[in-house]
Amino acid sequence: GAVVSQHPSRVICKSGTSVKIECRSLDFQATTMFWYRQFPKKSLMLMATSNEGSKATYEQGVEKDKFLINHASLTLSTLTVTSAHPEDSSFYICSARDLAGSYNEQFFGPGTRLTVL
Amino acid sequence: KNQVEQSPQSLIILEGKNCTLQCNYTVSPFSNLRWYKQDTGRGPVSLTIMTFSENTKSNGRYTATLDADTKQSSLHITASQLSDSASYICVVSSGSSSNTGKLIFGQGTTLQVKP
Chain G
1 GAVVSQHPSR VICKSGTSVK IECRSLDFQA TTMFWYRQFP KKSLMLMATS NEGSKATYEQ
61 GVEKDKFLIN HASLTLSTLT VTSAHPEDSS FYICSARDLA GSYNEQFFGP GTRLTVL
Chain R
1 KNQVEQSPQS LIILEGKNCT LQCNYTVSPF SNLRWYKQDT GRGPVSLTIM TFSENTKSNG
61 RYTATLDADT KQSSLHITAS QLSDSASYIC VVSSGSSSNT GKLIFGQGTT LQVKP
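Protein chains in written order, with our numbering: chain G, 1 to 117; chain R, 1 to 115.
Excised from the complex, chain G in its bound form (with noise of 0.2 Å):
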């Protein structure tokens, strides 16, 4: 159980294009789902807090505007990067958070690497 999936897996855009990635819970429900951004030999780094049918936290130094974040439903939350740059791309993780289970674990996905030429 806990599985979390990312679709797609991966993408390669021009530079002016907007791209949506899905999150998915796919055997829990999960009230926030969270998105990291990782580059190379790097760690992830929180860009947002996603909460179900409330807007997103993000961090410090996040565009909103630039990274759009909508958790529609309890099994799914969307990053869209609009107007992508090629300093957007990069490797965006998605976690949710399973409250049912004993340490409120976050699950992580598989990851989408996105390349915007």
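Since the hints were derived computationally from the structure, they do not count as laboratory data. Keep in mind that this is a model prediction, so the values were computed, not measured. One or more hints might be untrue.
[Stated by the list, open to error] Sample of chain R residues at the chain G side, in silico, Cβ under 7 Å:
| no. | residue |
| --- | --- |
| 1 | K1 |
| 2 | G43 |
| 3 | P44 |
| 4 | F52 |
| 5 | Q107 |
| 6 | G108 |
[Stated by the list, open to error] Every beta carbon over 10 Å from chain G, so not counted as near; a handful from chain R, in silico:
| no. | residue |
| --- | --- |
| 7 | N2 |
| 8 | L11 |
| 9 | E15 |
| 10 | C19 |
| 11 | T63 |
| 12 | S74 |
[Claimed, not checked] Below, a list of computed lysine-lysine pairs in the DSS-like style, where the Cα atoms sit at most 25 Å apart:
| no. | chain 1 | residue 1 | chain 2 | residue 2 |
| --- | --- | --- | --- | --- |
| 13 | R | K102 | R | K37 |
| 14 | G | K42 | R | K114 |
| 15 | R | K57 | R | K102 |
| 16 | R | K102 | G | K42 |
| 17 | G | K20 | G | K55 |
| 18 | G | K64 | G | K42 |
| 19 | R | K71 | G | K42 |
| 20 | R | K1 | G | K41 |
| 21 | G | K14 | G | K64 |
| 22 | R | K57 | G | K64 |
| 23 | R | K17 | R | K37 |
| 24 | R | K102 | G | K41 |
| 25 | G | K42 | G | K20 |
| 26 | R | K57 | R | K71 |
| 27 | G | K41 | R | K114 |
| 28 | R | K71 | R | K37 |
| 29 | G | K55 | G | K66 |
| 30 | R | K37 | R | K57 |
| 31 | R | K102 | R | K17 |
| 32 | G | K66 | G | K20 |
| 33 | G | K66 | G | K42 |
| 34 | G | K55 | G | K14 |
| 35 | R | K37 | G | K41 |
| 36 | G | K55 | R | K102 |
| 37 | G | K20 | G | K64 |
| 38 | G | K20 | R | K102 |
| 39 | R | K71 | R | K102 |
| 40 | R | K17 | R | K57 |
Idealized CB from N, CA, C, for every residue including glycine.
With chain G held as given, fit chain R onto it using these hints.
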């Protein structure tokens, strides 16, 4: 400042050998400590989670220890296999009400197991 530091930064061992990875943290208040394995190009996968009252936890060939007094943790891998080659990340969850659910990540230890 909440911080998690890991050592060594990278490690190369021969297949079949054991190794131990270290994690020191300064996180307050402390909720739990987690070790994750992250394969290249994949998301992190949980190995162990420990609260302050747990000082050891095993998951197959992985054994994690926690000393809440010295704020240190270790991950011991026995009889290493080629598939153990990955980045191992120590993550501490803060029990602060303002940071509920936020994780503080170490920089990771990159382990390479050679045949």
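Outcome of the hint check:
The beta carbon of K1/R is not positioned within 7 Å of any beta carbon in chain G (closest approach about 14 Å), and the interface hint is therefore violated. Hint status for G43/R relative to chain G: holds, with the closest Cβ pair at about 4 Å, below 7 Å. Proximity of P44/R to chain G holds as hinted, the smallest CB-CB distance being about 5 Å (cut-off 7 Å). Residue-level restraint check for F52/R is violated (minimum Cβ-Cβ distance to chain G is 12 Å; threshold 7 Å).
A distance limit of 7 Å between C-beta atoms decides the matter here; for Q107/R the minimum to chain G is near 5 Å, and the interface restraint holds. Given hint, G108/R at the interface with chain G, holds; its Cβ is 6 Å from that chain's nearest Cβ, closer than 7 Å. Every Cβ of chain G is farther than 10 Å from the Cβ of N2/R; the closest lies at roughly 12 Å, confirming the non-interface assignment. Every Cβ of chain G is farther than 10 Å from the Cβ of L11/R; the closest lies at roughly 14 Å, confirming the non-interface assignment.
Separation of E15/R from chain G is adequate, the least Cβ-Cβ distance of about 23 Å exceeding the 10 Å criterion. With a least beta-carbon separation of about 20 Å from chain G, C19/R lies farther than 10 Å from that chain, consistent with its non-interface assignment. Chain G leaves T63/R outside its interface by the beta-carbon criterion, the shortest separation being 18 Å against a cut-off of 10 Å. Interface exclusion of S74/R from chain G stands, the closest Cβ pair being 18 Å apart, more than 10 Å.
Using a Cα cut-off of 25 Å, the hinted pair K102/R and K37/R holds, with the two alpha carbons roughly 18 Å apart. Taken as a hint, the K42/G and K114/R pair is honoured in the structure, with Cα atoms around 23 Å apart against an allowance of 25 Å. For a cut-off of 25 Å, the pair hint linking K57/R to K102/R stands: about 22 Å separates their Cα positions. Only pairs whose Cα atoms come within 25 Å are accepted, and K102/R paired with K42/G is accepted, the gap being roughly 18 Å.
Pair hint K20/G plus K55/G holds up; C-alpha atoms about 17 Å apart against a cutoff of 25 Å. Only pairs whose Cα atoms come within 25 Å are accepted, and K64/G paired with K42/G is accepted, the gap being roughly 23 Å. Of the pairs offered as hints, the one joining K71/R and K42/G holds, with about 23 Å between alpha carbons and a cut-off of 25 Å not exceeded. For the given pair, K1/R sits about 23 Å from K41/G by alpha-carbon distance, which is consistent with the 25 Å threshold.
Distance hint between K14/G and K64/G is fulfilled; the C-alpha atoms sit about 21 Å from each other, no more than 25 Å. Among the hinted pairs, K57/R with K64/G is inconsistent with the structure: their alpha-carbon atoms are about 39 Å apart, more than 25 Å. Pair hint K17/R plus K37/R holds up; C-alpha atoms about 18 Å apart against a cutoff of 25 Å. Between K102/R and K41/G, the direct Cα distance comes to roughly 21 Å. Compliance with the 25 Å bound is thereby established for this hinted pair.
Between K42/G and K20/G the CA atoms are separated by roughly 23 Å; this keeps the pair inside 25 Å, and the hint holds. For the proposed pair K57/R and K71/R, the alpha carbon gap of about 16 Å is at most 25 Å, so the pair holds. For a cut-off of 25 Å, the pair hint linking K41/G to K114/R stands: about 20 Å separates their Cα positions. A hinted pair counts as satisfied when its Cα atoms are at most 25 Å apart, and K71/R with K37/R qualifies at roughly 21 Å.
A distance of roughly 15 Å separates the Cα atoms of K55/G and K66/G; the hinted pair therefore holds under the 25 Å criterion. Between the alpha carbons of K37/R and K57/R the distance comes to roughly 15 Å, so the proposed pair stays at or under 25 Å and holds. Taken as a hint, the K102/R and K17/R pair is broken in the structure, with Cα atoms around 35 Å apart against an allowance of 25 Å. A C-alpha spacing of about 12 Å is found between K66/G and K20/G, which places the hinted pair at or below 25 Å, so the restraint holds.
At most 25 Å may separate the alpha-carbon atoms for a hinted pair to count; K66/G and K42/G meet this at roughly 22 Å. For the hint linking K55/G to K14/G, the alpha-carbon distance of about 28 Å lies beyond 25 Å, and the restraint is violated. In summary, the hint linking K37/R to K41/G is supported, as the alpha carbons are separated by about 14 Å, within the 25 Å threshold. A hinted pair counts as satisfied when its Cα atoms are at most 25 Å apart, and K55/G with K102/R qualifies at roughly 17 Å.
A distance of roughly 14 Å separates the Cα atoms of K20/G and K64/G; the hinted pair therefore holds under the 25 Å criterion. Straight-line distance between C-alpha atoms of K20/G and K102/R comes to about 24 Å, which keeps the hinted pair within the 25 Å bound. Of the pairs offered as hints, the one joining K71/R and K102/R holds, with about 19 Å between alpha carbons and a cut-off of 25 Å not exceeded. Proposed proximity of K17/R and K57/R is supported: the alpha carbons are some 20 Å apart, at most 25 Å.
Violated hints, listed in ascending order, are 1, 4, 22, 31, 34; each of the other numbered hints is respected by the structure.
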